[in-house]
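Line by line, the protein sequences are chains A and B. Following this note's numbering, the numbering of the first sequence begins with 1 at its first residue and continues without gaps. Following this note's numbering, the numbering of the second sequence begins with 485 at its first residue and continues without gaps.
Calculated directly from the structure, the hints in this document are not laboratory data. Each residue gets a CB set at the ideal place from its N, CA and C atoms; glycine is no exception. Be aware that one or more of the hints could be misleading.
[Claimed, not checked] Partial chain A-side listing against chain B, Cβ under 7 Å, derived: (1) Y127; (2) G185; (3) L225; (4) S227; (5) N243; (6) A259; (7) V260; (8) V315; (9) D326; (10) Y331; (11) Q365; (12) T371; (13) L399; (14) T403; (15) L407.
[Stated by the list, open to error] Listed next, with one range per pair, are the computed distances between beta-carbon atoms: (16) B:N526 / A:A35: 53 to 61 Å; (17) B:L527 / A:K398: 52 to 60 Å; (18) B:E530 / A:G440: 47 to 55 Å.
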Amino acid sequence: MADILDLTVLEAHDAKMAGELSAKEHCEAWFEAAAGDELNAYLWRNDREGEGAAIEVQQDWNAPIAVKDIFCTEGVPTTAASRILEGYRPPYTATAVAKLIEAGLPILGKTNMDEFAMGSSNENSAYGPVLNPWDRERVPGGSSGGSAAAVAGGLAPWAIGTDTGGSIRQPAAFCGIVGLKPTYGAISRYGMIAFASSLDQCGPLTRTVSDAALLLAMLQGRDPLDSTSVGIEGGVSLPDRENLAGLRFGVPAELARDAVDAGVREVFERTLEKIEALGGEVVEVSLPNAEHGISAYYVIAPAEASSNLARYDGVRYGMRAGGDGDLTEMYETTRSEGFGPEVKRRIMLGTYALSSGYYEAYYGQAQKVRTRIAEDFTGAFSAVDFVVTPTAPSVPFKLGEKTDDPLAMYLNDFFTVPMSLAGIPAISIPAGLAEPEDGGPQLPVGFQIAAPAFAEQKLLDAAYALEQGIGFDARPNGLGGADG
Amino acid sequence: MIDRDQVLHVAKLARLRLSDEEVETMVGELSGILEHVDRIGNLDLEGVEPTSHVVALENVLRADEPWQSLPRDVALASAPETSEGAFRVPSPQAE
Chain A
1 MADILDLTVL EAHDAKMAGE LSAKEHCEAW FEAAAGDELN AYLWRNDREG EGAAIEVQQD
61 WNAPIAVKDI FCTEGVPTTA ASRILEGYRP PYTATAVAKL IEAGLPILGK TNMDEFAMGS
121 SNENSAYGPV LNPWDRERVP GGSSGGSAAA VAGGLAPWAI GTDTGGSIRQ PAAFCGIVGL
181 KPTYGAISRY GMIAFASSLD QCGPLTRTVS DAALLLAMLQ GRDPLDSTSV GIEGGVSLPD
241 RENLAGLRFG VPAELARDAV DAGVREVFER TLEKIEALGG EVVEVSLPNA EHGISAYYVI
301 APAEASSNLA RYDGVRYGMR AGGDGDLTEM YETTRSEGFG PEVKRRIMLG TYALSSGYYE
361 AYYGQAQKVR TRIAEDFTGA FSAVDFVVTP TAPSVPFKLG EKTDDPLAMY LNDFFTVPMS
421 LAGIPAISIP AGLAEPEDGG PQLPVGFQIA APAFAEQKLL DAAYALEQGI GFDARPNGLG
481 GADG
Chain B
485 MIDRDQVLHV AKLARLRLSD EEVETMVGEL SGILEHVDRI GNLDLEGVEP TSHVVALENV
545 LRADEPWQSL PRDVALASAP ETSEGAFRVP SPQAE
């Protein structure tokens with residue numbers, strides 16, 4: 001049998017069923033691996049003593065899991081990577097995490113992220129950036145960068161994160177793993193610290209499509225504590241599709257191919273050929289409004305964030321600063337010292353967009369663009385089964401490269417934001433490696449597949465067939481696999 | 485796009501106190517972002533229904549019955565300052 005840490009969760013399960021691996025052995029190996037975190041992937045690790053000690057091995061599905069620090073966990077520090085929540089121990093647990101614990105999954109730790117999930121590089125964490133396991137001078141993507149780096153870097157077998165405009169898919173692409181953003185409403189948002197409530201969705205980050213399906217099956221479902229949750233009718237089962245015969249894949253005609261790095265473009269084209277080799281059909285579709293996705297998103301998400309983050313005022317939880325003056329002075333001092341620069345920028349942007357006289361011009365207009373983008377997808381799905389794009393326009397960039405230019409950072413979400421606005425599911429799978437434009441070793445490239453709302457099973461089946469066809473088995477240096 | 489006075493006004497609305505340096509940076513950065521965002525300002529979207537929710541849902545109701553809630557001491561446990569079973573804050577009136 002291969003090294004325990006090289007096994008996917010499904011493989012480990014099979015090994016346990018065959019009596020080749022004990023559940024305890026499997027767990028111990030991962031807890032030991034997580035303790036060797038050199039990527040700053042974890043903000044809190046479960047030392048299995050004191051807080052969070054409830055990791056008793058109960059069932060067969062007991063592969064331990066890493067949880068993004070945006071999910072509330074009772075009695076365990078939950079910061080959303082913000083100073084303003086430093087030391088906060090929530091009095092309750094998020095439904096998604098409660099479901100994992102109920103299924104017998106021990107929690108390995110809470111992973112680093114961009115502060116309040118605002119960012120595409122993980123450089124906005126108040127606790128330092130996460131390093132990309134493929135090249136430690138580069139970003140892992142964001143905002144679920146800690147979860148992605150942990151899974152890619154051999155620090156967790158699988159993880160959960162959240163995706164508002166690409167925060168699961170882009171870091172998955174940058175780290176060479178699978179990331180799925182389910183349909184809005186597939187998984188409960190209860191206890192998930194709110195960024196932009198109409199867009200936020202929990203989802204899996206895993207080594208394989210099969211593991212993503214296993215995790216989604218556990219997480220999905222209607223939750224009386226989140227009235228916007230509906231679950232996935234019929235549930236989710238392991239994908240087993242062998243080819244893509246009879247399926248049509250739409251490539252947006254408006255896909256700005258020149259805005260995509262040459263290496264990423266090459267992997268994308270090669271993947272389209274692979275789809276055809278597997279019996280699928282590749283056709284052009286039109287998403288005329290998708291190019292306005294970034295503009296609409298950077299009105300809607302900051303607007304909702306400015307409202308959601310009003311709760312951090314130094315009164316009920318989190319840090320308090322100032323207080324020598326009046327109440328307003330305390331509010332302002334607390335928020336000015338507690339929030340980082342990107343969070344302040346988005347609160348400002350959102351407050352401006354919602355302020356008197358600008359509401360219709362910005363928020364109203366953006367919500368209409370959103371309707372148009374959703375209609376574009378509906379139109380496309382009348383002719384094709386899936387819409388495909390590169391997940392990100394480039395391979396991982398260097399730490400510090402885009403921190404001085406917020407707009408350049410935002411444009412990283414160009415391909416992931418339209419699906420978020422439309423509320424539809426999308427998955428990123430590793431499709432190959434490409435050399436960065438600025439030179440250096442080859443880095444992972446993600447391929448994004450989007451499907452109609454609640455068509456997760458169909459999406460996972462197709463992604464699985466394509467994953468088998470691509471046969472991506474590269475791992476970061478020092479880890480198992482063909483290039484290890 | 486957005487000037488210094490507007491930045492200061494918005495900061496006040498958002499209960500943020502910005503340093504002079506932050507104000508300068510914010511003027512430049514927000515203007516750049518708004519310039520990009522303004523591309524949607526010119527689109528003709530007359531008659532388009534704004535999205536209120538992406539998934540068709542209506543009237544999600546629950547039974548109107550008392551349900552579990554946090555005990556007071558637990559709700560107060562994370563507060564920076566409490567007093568007599570309540571959250572304590574500085575006076576709203578400046579001295």
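Evaluated hints:
For Y127 of chain A, the interface hint is violated, since its Cβ never comes within 7 Å of a Cβ in chain B; the closest pair sits about 19 Å apart. Restraint check, G185 of chain A versus chain B: the minimum CB separation of about 5 Å is within 7 Å; hint holds. For L225 of chain A, the interface hint is violated, since its Cβ never comes within 7 Å of a Cβ in chain B; the closest pair sits about 10 Å apart. Annotation: interface hint on S227 of chain A holds; nearest CB of chain B at approximately 4 Å, less than 7 Å.
Checking N243 of chain A against chain B by beta carbon gives a least distance of about 31 Å; that is not within 7 Å, so the hint is violated. The restraint placing A259 of chain A at the interface with chain B is violated, with a minimum CB-CB distance near 14 Å, outside the 7 Å limit. Annotation: interface hint on V260 of chain A violated; nearest CB of chain B at approximately 19 Å, more than 7 Å. At its closest, the beta carbon of V315 of chain A sits 5 Å from a beta carbon of chain B; the interface hint therefore holds under the 7 Å criterion.
Proximity of D326 of chain A to chain B holds as hinted, the smallest CB-CB distance being about 4 Å (cut-off 7 Å). Interface restraint check for Y331 of chain A: the shortest CB-CB distance to chain B comes to about 5 Å, inside 7 Å, so the restraint holds. Interface restraint check for Q365 of chain A: the shortest CB-CB distance to chain B comes to about 6 Å, inside 7 Å, so the restraint holds. For T371 of chain A, the shortest C-beta to C-beta distance to chain B is roughly 5 Å, which falls under 7 Å, so the interface hint holds.
The restraint placing L399 of chain A at the interface with chain B is violated, with a minimum CB-CB distance near 20 Å, outside the 7 Å limit. Given the 7 Å rule on beta carbons, the hint for T403 of chain A is violated: about 12 Å separates it from the nearest Cβ of chain B. Nearest Cβ of chain B to the Cβ of L407 of chain A: about 5 Å, under the 7 Å cut. The hint holds. Take N526 of chain B and A35 of chain A: their Cβ atoms lie about 55 Å apart, and the range 53 to 61 Å holds.
Distance hint check for L527 of chain B and K398 of chain A: the Cβ-Cβ separation is about 36 Å, which falls outside the suggested range of 52 to 60 Å. Look at E530 of chain B against G440 of chain A: about 50 Å separates their beta carbons, and that is inside 47 to 55 Å.
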